[in-house]
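A.B. asks: Sequence:
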Amino acid sequence: MDPLKPKPVPLAAETVLWFEFLLDPHKITQHLQRPQPEPSAVELIMQFISMTPDTATPSVVTPGSDLQSLSGPGTGPIPGVVGGANATSPAASAALNVPPITQRQGENGLQLTRKQLALKILELKVATWLRWDLDALEKSLPVLMQLALLRDLCTISYGRSLSIPLPSEFDMKTSASGNERAARFALTIYHRMLLRMQLIKEQALKTPRPPNMYQTVDQLQQFLDSPTQPSIEYLQQLCSAGKPFYVFHYDSFVTLQCDDLGTGQNYDLMHLITPQELRAQLHYELAQYYLFTKQYVLAREAAAACNTNLQAIPSQTTLYFCHIKPVELEGLLQACGISAQQQTLLERFQQSLLSNYADIVPILKMDNKIREIPLVSRRQLELDIEGSISSGILKEPAHLQLQVAALNVVRNIFEWGSIFGSVEYFEKYRELDCLPPLVEGLQEVLPHCSLKEQVALKHFLIDCLLHQGGQSRQLLQTVRGIGLFSPEELQDLDEQMLQAAPPVPTNSLASLSDWMCHSKMTRVDVAALEQQLISCTNANTVRILLVKLCGTAPGRPLWAINPSWDVPQPIKNLIMGMPVSFLQDFSYVLLGKARELAMRGNYIDAVAMLSVLKSETQRQEMGANVQLMCKLLTWEILYIQVTQTLEEWHQKPLDLQALGGRCKQCLSDSIIPRPDILESCAIMLLNLTEFTPLIYLDKRSGALELPVAFAATFIEMEKMKGPKKVCRDAWDLMLSMFLSVPKRASSGVAGTSSLQAFLQRIRHQSVFGLSISMIGKIHNILKDDPNHDLSCEYMQLWPTSINNPISYSLRSVCETLQWLLSEALTHYPQTISWLKMKGDLDLATGNNESAMRCYVNALVTGTDYCTMPLQRNVADDYVIRKMIRCAANLGCHMQATVLCQFLDEIDYGIVFKNLSEKSSNFTDAMDAYYSCIWDTTLLEFIVNLHAKRGEHSRKLEAISMMGTLELNANNNEEIKRESAMVRKSRFLRALAKQYLL
1 MDPLKPKPVP LAAETVLWFE FLLDPHKITQ HLQRPQPEPS AVELIMQFIS MTPDTATPSV
61 VTPGSDLQSL SGPGTGPIPG VVGGANATSP AASAALNVPP ITQRQGENGL QLTRKQLALK
121 ILELKVATWL RWDLDALEKS LPVLMQLALL RDLCTISYGR SLSIPLPSEF DMKTSASGNE
181 RAARFALTIY HRMLLRMQLI KEQALKTPRP PNMYQTVDQL QQFLDSPTQP SIEYLQQLCS
241 AGKPFYVFHY DSFVTLQCDD LGTGQNYDLM HLITPQELRA QLHYELAQYY LFTKQYVLAR
301 EAAAACNTNL QAIPSQTTLY FCHIKPVELE GLLQACGISA QQQTLLERFQ QSLLSNYADI
361 VPILKMDNKI REIPLVSRRQ LELDIEGSIS SGILKEPAHL QLQVAALNVV RNIFEWGSIF
421 GSVEYFEKYR ELDCLPPLVE GLQEVLPHCS LKEQVALKHF LIDCLLHQGG QSRQLLQTVR
481 GIGLFSPEEL QDLDEQMLQA APPVPTNSLA SLSDWMCHSK MTRVDVAALE QQLISCTNAN
541 TVRILLVKLC GTAPGRPLWA INPSWDVPQP IKNLIMGMPV SFLQDFSYVL LGKARELAMR
601 GNYIDAVAML SVLKSETQRQ EMGANVQLMC KLLTWEILYI QVTQTLEEWH QKPLDLQALG
661 GRCKQCLSDS IIPRPDILES CAIMLLNLTE FTPLIYLDKR SGALELPVAF AATFIEMEKM
721 KGPKKVCRDA WDLMLSMFLS VPKRASSGVA GTSSLQAFLQ RIRHQSVFGL SISMIGKIHN
781 ILKDDPNHDL SCEYMQLWPT SINNPISYSL RSVCETLQWL LSEALTHYPQ TISWLKMKGD
841 LDLATGNNES AMRCYVNALV TGTDYCTMPL QRNVADDYVI RKMIRCAANL GCHMQATVLC
901 QFLDEIDYGI VFKNLSEKSS NFTDAMDAYY SCIWDTTLLE FIVNLHAKRG EHSRKLEAIS
961 MMGTLELNAN NNEEIKRESA MVRKSRFLRA LAKQYLL
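Going by our numbering, the residue at position 258 of the sequence shown is 258; the numbering climbs one at a time, nothing skipped.
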């Protein structure tokens, strides 16, 4: 046997040739009866439509191949079916008796060749196997193929050639080869599809169109633009008429026989279905169309009729026409508001909003137990009722508003543990009898509370008792009857209520210095309370614990319990200037804990604590310092929210537009925040590309130098036309960071540490790109080695030389750029230019494996994970040669050899040199990459090399690879490109498996 002779590729045993379905009428039935036929029924329809000669894509027959793989328009080869529209074996030609293309079979009025007719019958037969389930066909069949299937159904049923859409003055008469029952069925399918496609009209027009299909864009547009009223009237008339309705049986379509020239169909086998089944399906689709066009009354009537007819179908009846799923029907009934199922609480709540708040109080009471309605919706309801009553729109007593507010307070206890709801409730409804509805709501929810929820209720009631002054006595009497507190706890509450000075001061007592009381607690109890105070994350709990600790150490302020509680200036001076009081301790502790929580990433609780403190300072008598304190707290809240947004940038935790507006207000306010807040707001505006407000800031402030310089650079870049140089302020600042001995007195910059603090908070891709380009340009100038030059966007904007370059630290530049590229890629991991630049930098520093990893990542990303061809803008010769150098440095000479094929012109000098080297890497076996080689010259050299070395088995393997059909030198350019693309993708996957996994 000649080893150079190409080996034939045998067909798999389960492979089905497309014409076998025509030779054997029972074969398609046997195929469809399999548990999971491959190809599936819908795929077969696609193939038969694509193979019809008047719609087929011409097949390309390459030398040496007997059969061509069948692939439908817009699809890849379908497993299990081979052969093309024009690749027909002699047996198939005899079976089909295909006449010349100009000859037509005219005796049946169809004007179709026998091949066309046979394929159309097959596609309709498979669709009948699916019982003409339009849902299944719409999910898997392209829109144009659906219309092709509809056209073929109408053509066969009427016995004459028809086009889609049908003309307005359509003649419903059938020819001699047609049938009235079949035509009625086909026309019903036509009108159903016309209505159904209105629901997906925009999507249908955007779907990709298979090439060479018979429908043009205009025909599809005409079908979708056809008036729907005739279809509605036809389907309604069909529902009301009592005429029998027949649907196709699988055996109604008779496949053509090679020994029988008859082309008639067996219409006598069509199924007669019940009127209920027909009306159920048609009313269902009419209801969907009415809902889509917002004709809700008609939709409700059609949905009710559908449900009635569906229930009237006997349970043992086999459904051939109706394909309604119970879940979808229930969704339709719910959308129309006639569902028999019990509504959820949220649905009842929404229904109550539409009917002037009918039964809203029982719904809210039930929701306090199961907590299904979002709290924000309940809060919105309360505000809507308040606005409607005040404007006179709602003629309801104020008692409804009071009840809704009280029930919302009860729900709020379990949602956030916040005291805002109760404070607002008691202040707003102080003039009304506000306790009874609140107590009633608590009593109803208490039996359904867990132990943890009962603790939350206790904290809420204690907080109310300590805050409500004159109403506290009445509330305490009510608390005794609830049964939530033990006798010891009630006695302790009585003692606290009887004390002359309340533990939590009112407005008039906020500045008293003798607010602390005597305590008899042991050291163990005090230590436990202090530990709770240090670890708690709730402002209400902090308040209660401070009250309990008030008399434990009269000589020491409570804020000194934890030395790690740090309060920033100038708000610390403001707090220390207060008299010794509850407000001083409470303010310092909340500020310290909020800062501690923010450093741990718990931003929500940190903001909640500062919000409570801001509310507290507004309620206390602080004199002239109230406005200043509130403003400083507002800036501290903004600082935490900016930090949270930068840390969770891609999750977008807050409204960025609103946050940007607050940052602008902070930077322009008369009360100047501390420098950290100024810098954070400036960097936030930079990330939001709000450059204009930044250029008016004082750039002499060290914290604002970099943001202002970057903003000025971006504004100049927007104004300039052509590759002009831009403002050098940012360049000079960036350059000064890398001085070997930083001139801190003159530049006002703290060196690379302050630069890294700034770069750590960059999030926008363009700001990253500008920073990378500047540091990359500095690297190129200081390195002064063209072989290791870095390139990226914006680099042409910067100077090409630096005065006295020996004064700058190249090592600091490399380390900073390495870190910045890693940071940028964590936020934008698919930026190909940064991946290639990081690979260049790693190669320049001698880290070959890391460089190879970056290059492979860039190529895999650029090919959409090896699913698209590799483009030159992703991997040009410059990048490929660097990859070859990396692979050679790693001892992977075979990888370097394969990569040489990626060059525009293969450098055989490098190829032969690498093949002559002995691989020093266990992942680089020579024969492992034969399937990735498409250059025959390279394979010939490998065969010769194995022959010289006496490696006979490897030589035979390389020879068999050369003998594959796709590497045939006589192949056309398209096949050669396809072969190269497949092998490139295979090689990239192998590299990704080695370097990325």
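For the record, the hints were derived by calculation from the structure and aren't laboratory data. Small disclaimer: the values here were computed from a predicted structure and weren't measured. C-beta atoms are modelled at their ideal positions from N, C-alpha and C, and glycine is treated no differently. Check each hint, because a few of them may be wrong.
To be verified - With a Cα cut of at most 25 angstroms, we get these calculated BS3-like pairs of lysine-lysine: (1) Lys699 / Lys719; (2) Lys365 / Lys325; (3) Lys369 / Lys395; (4) Lys325 / Lys201; (5) Lys294 / Lys428; (6) Lys719 / Lys664; (7) Lys948 / Lys913; (8) Lys201 / Lys139; (9) Lys631 / Lys664; (10) Lys913 / Lys955; (11) Lys918 / Lys976; (12) Lys614 / Lys548; (13) Lys369 / Lys325; (14) Lys139 / Lys325; (15) Lys458 / Lys365; (16) Lys428 / Lys458; (17) Lys428 / Lys365; (18) Lys325 / Lys294; (19) Lys631 / Lys548; (20) Lys243 / Lys139; (21) Lys918 / Lys993; (22) Lys369 / Lys294; (23) Lys206 / Lys294; (24) Lys201 / Lys173; (25) Lys631 / Lys614; (26) Lys699 / Lys664; (27) Lys428 / Lys452; (28) Lys369 / Lys243; (29) Lys294 / Lys365; (30) Lys548 / Lys452; (31) Lys652 / Lys699; (32) Lys664 / Lys652; (33) Lys572 / Lys652; (34) Lys719 / Lys428; (35) Lys458 / Lys395; (36) Lys955 / Lys976.
Stated by the list, open to error - Just the calculated beta-carbon pair ranges, DEER-fashion: (37) Gly601 / Ile482: 51 to 59 angstroms; (38) Ile604 / Lys993: 49 to 57 angstroms; (39) Thr845 / Ser753: 18 to 26 angstroms.
A.B. asks: None of the hints should be skipped; say for each whether it holds.
C.D. replies: Checked hints:
1. Lys699 / Lys719: 21 angstroms, holds
2. Lys365 / Lys325: 36 angstroms, violated
3. Lys369 / Lys395: Measuring from Cα to Cα gives roughly 29 angstroms; hence the hint is violated.
4. Lys325 / Lys201: OK: Lys325 and Lys201 at ~23 angstroms, within 25 angstroms.
5. Lys294 / Lys428: The hint is violated at about 42 angstroms.
6. Lys719 / Lys664: Judged against 25 angstroms, a Cα distance of about 23 angstroms means the pair holds.
7. Lys948 / Lys913: Holds: Lys948 and Lys913 sit about 16 angstroms apart, inside 25 angstroms.
8. Lys201 / Lys139: 14 angstroms, holds
9. Lys631 / Lys664: 15 angstroms, holds
10. Lys913 / Lys955: 19 angstroms, holds
11. Lys918 / Lys976: This hinted pair is violated, its Cα atoms lying about 30 angstroms apart.
12. Lys614 / Lys548: 23 angstroms, holds
13. Lys369 / Lys325: Violated, at about 34 angstroms.
14. Lys139 / Lys325: 15 angstroms, holds
15. Lys458 / Lys365: 20 angstroms, holds
16. Lys428 / Lys458: 23 angstroms, holds
17. Lys428 / Lys365: Holds, at about 21 angstroms.
18. Lys325 / Lys294: 23 angstroms, holds
19. Lys631 / Lys548: 30 angstroms, violated
20. Lys243 / Lys139: With a Cα-Cα distance of about 32 angstroms, the restraint between Lys243 and Lys139 is violated, given a limit of 25 angstroms.
21. Lys918 / Lys993: 23 angstroms, holds
22. Lys369 / Lys294: 36 angstroms, violated
23. Lys206 / Lys294: Between Lys206 and Lys294 the Cα gap is close to 24 angstroms, so the pair holds against 25 angstroms.
24. Lys201 / Lys173: Between Lys201 and Lys173 the Cα gap is close to 30 angstroms, so the pair fails against 25 angstroms, i.e. violated.
25. Lys631 / Lys614: 9 angstroms, holds
26. Lys699 / Lys664: Holds: Lys699 and Lys664 sit about 16 angstroms apart, inside 25 angstroms.
27. Lys428 / Lys452: 29 angstroms, violated
28. Lys369 / Lys243: Judged against 25 angstroms, a Cα distance of about 56 angstroms means the pair is violated.
29. Lys294 / Lys365: 34 angstroms, violated
30. Lys548 / Lys452: 21 angstroms, holds
31. Lys652 / Lys699: Since the Cα atoms of Lys652 and Lys699 sit roughly 29 angstroms apart, the hinted pair is violated (cutoff 25 angstroms).
32. Lys664 / Lys652: 19 angstroms, holds
33. Lys572 / Lys652: Measuring from Cα to Cα gives roughly 32 angstroms; hence the hint is violated.
34. Lys719 / Lys428: 55 angstroms, violated
35. Lys458 / Lys395: 37 angstroms, violated
36. Lys955 / Lys976: 23 angstroms, holds
37. Gly601 / Ile482: 51 to 59 angstroms: 39 angstroms, violated
38. Ile604 / Lys993: 49 to 57 angstroms: Violated - the Cβ-Cβ distance for Ile604 and Lys993, about 42 angstroms, lies outside 49 to 57 angstroms.
39. Thr845 / Ser753: 18 to 26 angstroms: 22 angstroms, holds
Checked against the numbered hints listed earlier, the structure breaks hints 2, 3, 5, 11, 13, 19, 20, 22, 24, 27, 28, 29, 31, 33, 34, 35, 37 and 38; every other hint is satisfied.
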